[in-house]
Amino acid sequence: MKVLMFGWEFPPHISGGLGTASYGLTRGMYTIGGIDILFVVPKAYGDEDQNIARVIGAGDVIVKQHLYTFSKLNKQMNYFQVESKVVPYVDPEDFWKLKKKEVSADRWYVQTDEQGKIKFSGKYGADLLEEIRKYALVASVIARENEFDVIHAHDWLAYPAGIAAKAVSGKPLVIHVHATDFDRSRGNVNPEVYAIEKQGMDVADKIIAVSNLTRNIIIEKYRIPQEKVITVHNAVDPVTTDQRNFEKGQLGDKIVTFLGRITMQKGPEYFVEAASRVLQRMDQVRFVMAGSGDMMQKMIALAAAKGIMNRFHFTGFLKGDEVYRMLHLSDVYVMPSVSEPFGISPLEALQSSVPVIISHQSGVAEILTHALKINFWDIDAMSDSIYALLNYPALTKMFTKYGKEEVNRLKWENAAQKVREIYLSLVSN
Amino acid sequence: MRNLCLYFQIHQPFRLRRYRFFDIWNNHYYYDDYLNESIMQRVSARSYLPTNRILHELLKESGNGFKLTISISGLAIDQFRRYAPEVLESFQELAALPGVEFLSETYAHSLASLGHTDEFIRQVKAHEQVMDEVFNVKPQVFRNTELIYSDEIGAVISGMGYKGMITEGAKHILGWKSPDFLYCNSINPRLKVLLKNFKLSDDIAFRFSNKGWVEWPLTAEKYAGWLQNLPEKEEVVGIFMDYETFGEHQWEETGIFDFLKAFPGAVRQETDFQFSTPSEIMQKLQPVSEISVPWPISWADKEKDLSAWLGNELQDEAFKKLYGLEEKVTGIDDPDIQRDWNYLQASDHFYYMCTKFFSDGEVHSYFNPYDSPYDAFINYMNVLSDFELRVKSLVTEPAPDSETVKLTKVLKEKEELIAKYEKELKRTRMALARTKKRGTATSSQSITRTTKKNVSGKSPGKKKTSSK
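In order, the protein sequence lines correspond to chains A and B. Take 1 as the starting number for the first sequence in the numbering used here and just add one per residue. Take 1001 as the starting number for the second sequence in the numbering used here and just add one per residue.
Among these hints, one or two may not hold up.
Okay, derived cross-link-like pairs now, DMTMM-like style, lysine to aspartate or glutamate, Cα gap no bigger than 25 Å in a straight line [stated by the list, open to error]: (1) K401/A / E1317/B; (2) K404/A / E1317/B; (3) K401/A / D1316/B; (4) K1321/B / D283/A; (5) K254/A / D1301/B; (6) K1356/B / D283/A.
Don't read these hints as lab results, they were simulated from the structure.
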């Protein structure tokens, strides 16, 4: 079976959970076999003469086909690089800010260009929604020139591409919802984004949600018939050995960690509140907020106002191995997300033998039994859980024993198998 | 006539309120009054009162020979006193009728029998006292919490003057044997052991309302037929279950009350069984053999062991921490401390921490106020931390007199040394006795030969002879 997949990032150039998840799923499909995937990745394809938009409009093939080899699996896979300036997880306002930054930094373009020859003029006439439409246009070109049985589009930026490919080919469309705008905005939804998401869900033949939480949002907020929406939980890759071999901290204090973007969606303020409660009752403990984001200044101010800055630390953004080093130093990992479609990082913490406290408002809470679960707003329960993990060692013993086992049982192949069944149900119809 | 023993157990724990770590040392009240009262009210209305009415009628009806055995934990009695005195009264009326036997158990429905003998004995005595106070009875037969039994527990109970105990007829203990006979304790054979027939008990307690069960619907006549069909030699059948089976585990709508009403008549008409109480059975029958139970058994789950309450890290740590306080608490004459000490020992707290729950959840989630075993553990440990602080504040540690400490240490060392020597002596004696049995002559010969051999150097030929 051949699948035309529209994704947004592919390793090593990934910036978030979406890239990790779509990569994991793709690899899982290779492992189970029987599926050929054509993975389309949009990347700003710098061209000196700035004629890209025209080329697409002309229906010309401006895409360049590369052959990548999966070294491990020795299996070939086709990529298309499509001109685009968009990045995942942004709303139009963020995009506008990014573009302003790019004028000086050029960071995004350097990262996405394969040959390193792109010249930037600072001319960014199109807005994000237009970029998406452009991507959809290219998608229709690709759909015309290739053979496939199913279309699979990851997250809202790729829905229009999926719709276009379906319109051209008449093949069934599966959309994969990794997040909705309700998660990103805490309910303050952008109507244009909502319209794109809703259209994608309406046109799709089947919808995959990364959790029941997300599935319910799709059914309730987007009014999609429930039989059309299927939950396929994410998995996690096994840790490689070099990530395991970090030394434990020499500091006598216990460390409680928040790790992630410091944004409204992640609920950082509840973590600060809980920290302040725990510190009222015990010392020998430090709290770390690792990451960066638009609420960081506010959090520093809040921690200072609580008078706990001597025991509360901000690390800024952590890269690569630093994340694992931080996890290894931690005794407790807390994810108080307000709305988390899935949330892969608690699984990584458990892999590093760190017990986790997660909010009921996260998809990962649906599949973890060996974790402490709280409501994100319940700082009493959160601080109580932190206190218990630090003071009653049997809990940590249980988590390191069973939590790790539980995570190791989650496999991308299982997720891929479920997705394959969805494909088969569509193809046989 | 063969004997049928019908036994019901009544217990309600004091469930803990949500107790956060910042309550430690700030608030010493641990119980969820609302939850405890509402559960008690519900179970009273649905089970205790209607079932008592039926039992009352059955017992008063002359000529049907109906008899009944009951045990009520001390904690349940405390709850009746506090939340449902009318239920306690109705049990008192029942107790006054002939044909009702009360069994003794631990006051706190605790696990103290597992290695905390002093506390165990204290609780049995406390329960005896409350039985005397409330029902004016002196039980002759003992049932331990959750029917937990082992050879050693039986020996302790026998030492307290009891005639017998009842426990689970666990398959892994019985093997090919049938539970339908009277057995006796393997350490002290004077203690009789009456077993539960778990198949026939569970048919009522668990399967009665299960529409997927081939035997559904179960009628008293059908059940009596099963009894009658048991091998004729089998002398006694123990039907043991929670009292709440009637009206709570099995709702009124399932017809469980009608079953109960029809039961004595069906037994009288269809079978050659008569109702008997444990003490009557132990008087009448001779034990067929002793039963060996080196590791404790219980009536819980499929395993019929202790794994519902102890065994995972959470349960073991909580248990250890709780009984770490035993010595100190015993010396404190404070009614609040003594009350909390009892209530915190209830086996239910450990049941909520069971992680078998993840796979085998149904029964464990019953009446369970917690979302997860972790939740249960955290709450319990917070309460226990506060209790520990209170206990410690009330116990004035005697200032260690340096001379006494030194002498105690010396004494302890000497005792250890003596024990070590005694062991060695015993071993040597046994070895000596063994050699004597084999015959002194041969052994001395072989010793001389070996010595010679060693002197004269190694020769394979000689080695062979010496080893013969």
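(message) Next pair to validate is K254/A with D1301/B; report whether the Cα-Cα distance is within 25 Å.
(response) Given pair K254/A, D1301/B is violated - Cα atoms ~39 Å apart, limit 25 Å.
(message) Between the alpha carbons of K1321/B and D283/A, is the straight-line distance 25 Å or under?
(response) holds, 23 Å
(request) Would you check the hint for K401/A and E1317/B, treating anything up to 25 Å between C-alpha atoms as holding? (result) Roughly 16 Å separates the two Cα atoms, so the pair holds.
(request) Mind checking the alpha carbons of K1356/B and D283/A for me, to see if they're no more than 25 Å apart? (result) violated, 35 Å
(message) Check whether the Cα positions of K404/A and E1317/B lie no farther apart than 25 Å.
(response) holds, 21 Å
(message) Hinted pair, alpha-carbon criterion (25 Å max): K401/A, D1316/B. Please report holds or violated.
(response) holds, 15 Å
Checked against the numbered hints above, the structure violates hints 5, 6; every other hint is satisfied.
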